Amino acid sequence: MPGLIQSIERSSAVLRLLADGPGRLRVKQIADALDLPKSTAQSILRTLTHIGFAEQDPRTARYRLGRALLDLSSTGLDANELRAHTLNWADALASRSGEEVYVGALRAGPAGQGPELLVVHHVFRPDDSAQSMNTGRVLPAHATALGQVLLAYRVAAAEDVLAAGLMAYTRGTVTTRQALTRTLAATRAQGWALSVEEWQAGRAGIAAPVRTFGGLVVGAIGISGPVERLCDTRRQARPALVEHVVAAGRAISRDLSGPQP
Amino acid sequence: MTDRYILAIDQGTTSSRCIVFDRRATVVALARAEHPQSYPQPGWVEHDAARVWRDVRKLITRALRDAGLTADKIAAIGIANQRETTVVWERATGRPVAPAIVWQDTRTAPLLDGLDPDVLRERTGLPPATYFSATKVRWLLDSIPGLRSKADRGEVLFGTMDSWLIWNLTGGLHVTDVTNASRTQLMNLATLDWDPVLLEMFAIPRAMLPEIRSSAEVYGTADGLGVPIAAAIGDQQAALFGQTCFEPGDAKCTYGTGGFLLLNTGTTPVRSAHGLITTVGYRIGSQPPVFALEGSIAIAGSLVQWMRDGLGLIGTAAEIETLAATVTDNGGCYIVPAFSGLFAPHWRSDTRGVIVGLTSYVTKAHLARAVLEATAWQTRDVVDAMNADSGLALTTLNVDGGMTADNLLMQIVADVLDVPVARPMVAETVSLGAAYAAGLAVGYWSDPRDLRANRHRAGRWLPTMDPAKRATEHATWRRAIAAAVLFSSP
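Protein sequence lines correspond, in order, to chains A and B.
Each residue of the first sequence is one higher than the last, beginning at 1 in full-length UniProt numbering.
Each residue of the second sequence is one higher than the last, beginning at 1 in full-length UniProt numbering.
Here chain B stands alone, though its shape is the one from the complex:
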């Protein structure tokens, strides 16, 4: 008997991938394509949603071909996606009405004025920020002539990338999952449905919103392939799921464009006193939802990309490690990469980045080192907040994502956190989480416990930094953050 496989789509911020997994959660084939980032104005970040869909369609074909499989060998498709990124398209034609507004985009900062932070936090678990979809939809409705009346009549539809892909894959099904919906800032955490008070607050008509479903159930069938689409889950929640963090207290950090630390808090939402986000972790079919605390770092891998594309100091992202390894420290230089404001635990949308501690001694190698250290120190800030909220001390950081290929970065993270950093056997945990959710939905895997048996440690970095040095550098990092805030406050 020939075995069947699960196909996962990871529609990320800078690239889309399509991975075929077998029953032991081993990668059988992987296809990926980068898509362009568009920065039409300072603070604006856009994607061409139509291009992203074309990429995904091609990647599915390529992954199946590389695996030597036909579609009937695929038991289910699972989708994980960049969250919050906002697409509005015409119901009749399927054409986007504007470029997708990416989660990093800060154009909607003026729309935050006058929003009641307590109402938002109480109902959504989220602070007011440009990050979430609500202000982005509002901005489109306000900026495109005639859009609001079409939205009222349900002639244009809103969706995050999961909805956009499912709409296109199925030829017109308009749904989202509860994890993606929880990031729009329009969903009530208690009812898990669109909240009328929030819809009124943001002036967004319900007619344009997708139906909220669980993260793992059969939504529909992919046209032309005949394969059920059986999971949709926000990429960070997918990574939590892929790391099999099924128990309260389990945590993971994914390093990609940004960095995202999520802690499973069980079936009751935990409210943060330290600027973390309360979010839905996942929901399997009709089971109770599982919640998570999340701390996000806006800029991690994208700082490396900026070194490559913005400054031209390196030719490829991986060369950052080669360059940084030519020196043993940062030469006194610190980079606070607040390109889109400071995220958790600071939440300052208005702050912009700074490079401090420059002397003529500092070379591009020191800058490269400071780039990696910035990711590590931002992780430290979030871990400190999470420890304070949960009352627990993190004992190991489970990591995943593309940046875990950077050995030096992982060592620096272990050094500044003073805990071991462990990488699981499948680095592509976002895709794996989508595959797991889809596989559970169609009975490909029967029980989450089966999935834990697939999990093995592939690598581990132990802290080696002298404690006194760690304390000194931490204090310097905090001064660098203060400098960024000071610089950006008029």
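Excised from the complex, chain A in its bound form:
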């Protein structure tokens, strides 16, 4: 049959075997059961382990289903783990851009409300002025660059946000379906988002996606600061800052999807 991918079929067969005999199967047994070369079974198991769908018992070297399968509806990345992975790159972004850095992830909002943006990590602007930690704060997803990046790559979440209604925070806040859809399409096209005075007057944000394996967007990293520092006189994002933000997003994505130790 054209267009079907054999390795996915084989992977699903491996998963069914693992579900059938939890914690009991070795690579060789799986290879024999599916009539695959051992090296092929080994590659499939290594990949499934990498994405969290399989786990190997360190003592017996036997395989079982991974815990990521229990929780397919989430992104598979704990918010605090996302912070642990972003720490170094968020610091580097702050020192390169000279601005505050935020890392955000979407989480379910209160009943009847759409998903909201959780600030997972916050790095102060590197000027040693008095600033307060905003880690743990919840922000409106549609009115911030971080939130727009996340909504751009999460169609269902964007629908939920639209269904709950878009609250206006400033005169610049995106409040219509049409405007948000256009903003999200532009974000996908350029690979980053700019929001100017959409949440707070006088402030702007630039954000880029953080991806894990397979390209799944699990978070966003961005900078936040006064409009005149982030934008030029035509209120367009300064290209050097965009480059720093996008590079930070890429570096974290490489860490998250890179080779396991």
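Because the hints were derived from the structure by calculation, they are not lab data.
A couple of the hints might just be wrong.
Stated by the list, open to error - With a cut-off of at most 25 Å between alpha-carbon atoms, the simulated DMTMM-like pairs for lysine to aspartate or glutamate come out as follows:
{"#": "1", "chain 1": "B", "residue 1": "K469", "chain 2": "B", "residue 2": "D329"}
{"#": "2", "chain 1": "B", "residue 1": "K73", "chain 2": "A", "residue 2": "D255"}
{"#": "3", "chain 1": "A", "residue 1": "K28", "chain 2": "A", "residue 2": "E55"}
{"#": "4", "chain 1": "B", "residue 1": "K58", "chain 2": "A", "residue 2": "D255"}
{"#": "5", "chain 1": "B", "residue 1": "K150", "chain 2": "B", "residue 2": "D72"}
{"#": "6", "chain 1": "B", "residue 1": "K73", "chain 2": "A", "residue 2": "D71"}
{"#": "7", "chain 1": "B", "residue 1": "K469", "chain 2": "B", "residue 2": "D447"}
{"#": "8", "chain 1": "A", "residue 1": "K38", "chain 2": "A", "residue 2": "E9"}
{"#": "9", "chain 1": "B", "residue 1": "K364", "chain 2": "A", "residue 2": "D71"}
{"#": "10", "chain 1": "B", "residue 1": "K73", "chain 2": "B", "residue 2": "E200"}
{"#": "11", "chain 1": "B", "residue 1": "K58", "chain 2": "B", "residue 2": "D223"}
{"#": "12", "chain 1": "B", "residue 1": "K58", "chain 2": "B", "residue 2": "D22"}
{"#": "13", "chain 1": "B", "residue 1": "K364", "chain 2": "A", "residue 2": "E9"}
{"#": "14", "chain 1": "B", "residue 1": "K364", "chain 2": "A", "residue 2": "E55"}
Just so you know, these numbers come straight off a predicted model, no measurement behind them.
For chain A, the structure is supplied; the task is to place chain B on it using the hints.
Then chain B, alone, in the frame of chain A:
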């Protein structure tokens, strides 16, 4: 003109990392790999030194590739390393004669009997403890048949991880730096050289020991890369240096596997009356050495790892915070994680851990909270001792290390210490300290003052705990410590 970079190696207890820094001390690339911990018997902790070297070699390649750099763009390599961990290898083949004995390993407790604590403290600044390298080397010499005579002839060599890596990187240079040497318990703090009295006390032949050099000078060149190796410094001292704690009174606490608080005391060593360690902070080339007071917490991040690997209550270390944040207190439960005895200021090698205050109300979330609180209360114990020794009251705790990613932990530390907790812009201060030392040695940076300009605050947590609650919980923590000591005393 294209700029050059500094490459730092941080060979830690659970992982090795290789970080490329630019002139503004910004991370350009980072590669890391975990290595296995081996626990062959209760109290034993071992590493495969050959595996660690293979990891480091691969990480250098990976970091350069990620940074898009060739080796000629690297001005110098600096090494920071887990301290005290003991490797003995054959001079001829470079093969380790046994697994490395890790600093946490307590197998040598029987060898402490009969050691004169006053002689040790006077000469080394350190109390008798299994922690330091001396008893570990002694144990290997006593346990491996024929090793002692080879050691006498200089056919086998001892080194901490810095020596082991430099030996391998340079193809046979046997040196260590003064900070690492100060943790072997074989170096005299006054002469900064191997002490004949101590060598005799531990029955360790001088022929197997490396040459002691400063923390920042060109030791040699890395084979195949052609890059000078220009710094070696114990990881905690490296963090002090990376936090630019260059003035007496500057202090930092690094949270990793363990927790380590170091206070710069200037060019004269300060002796502690409260169970802290006197150690060499750093020495730049031929400048006078700078000393530090150190209080260490044996178990911090490793308690979180135990929750993950030993108990299986969490899937990743970062999930401890998620779990702990589902409750607002510890439910009356306290964990004293004396897995390898109690360190500063108690110094009880024989004590083992306890979990106290259990009721059917306590859930795994309360345990997770107690895990984080244990790190905070242990910090409080060390800070209290340091305040007493130095006669100063700590006004801010500068923190770094992987566990600073745990926001809830940092808030709890601020709460129990009742001082603000501040994180600098580069969390990887251990690597940064090694990079700074190497960069100063080769003139990449000209002056330590230049380095201070790179330092900015990235985050700060303010105490919010009610003082009465803090006092009550502190008293309960002290009872939990007493319970651990009582339980472990036959």
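Unmet hints by their number, sorted upward, for this structure
5, 6, 7, 10, 13
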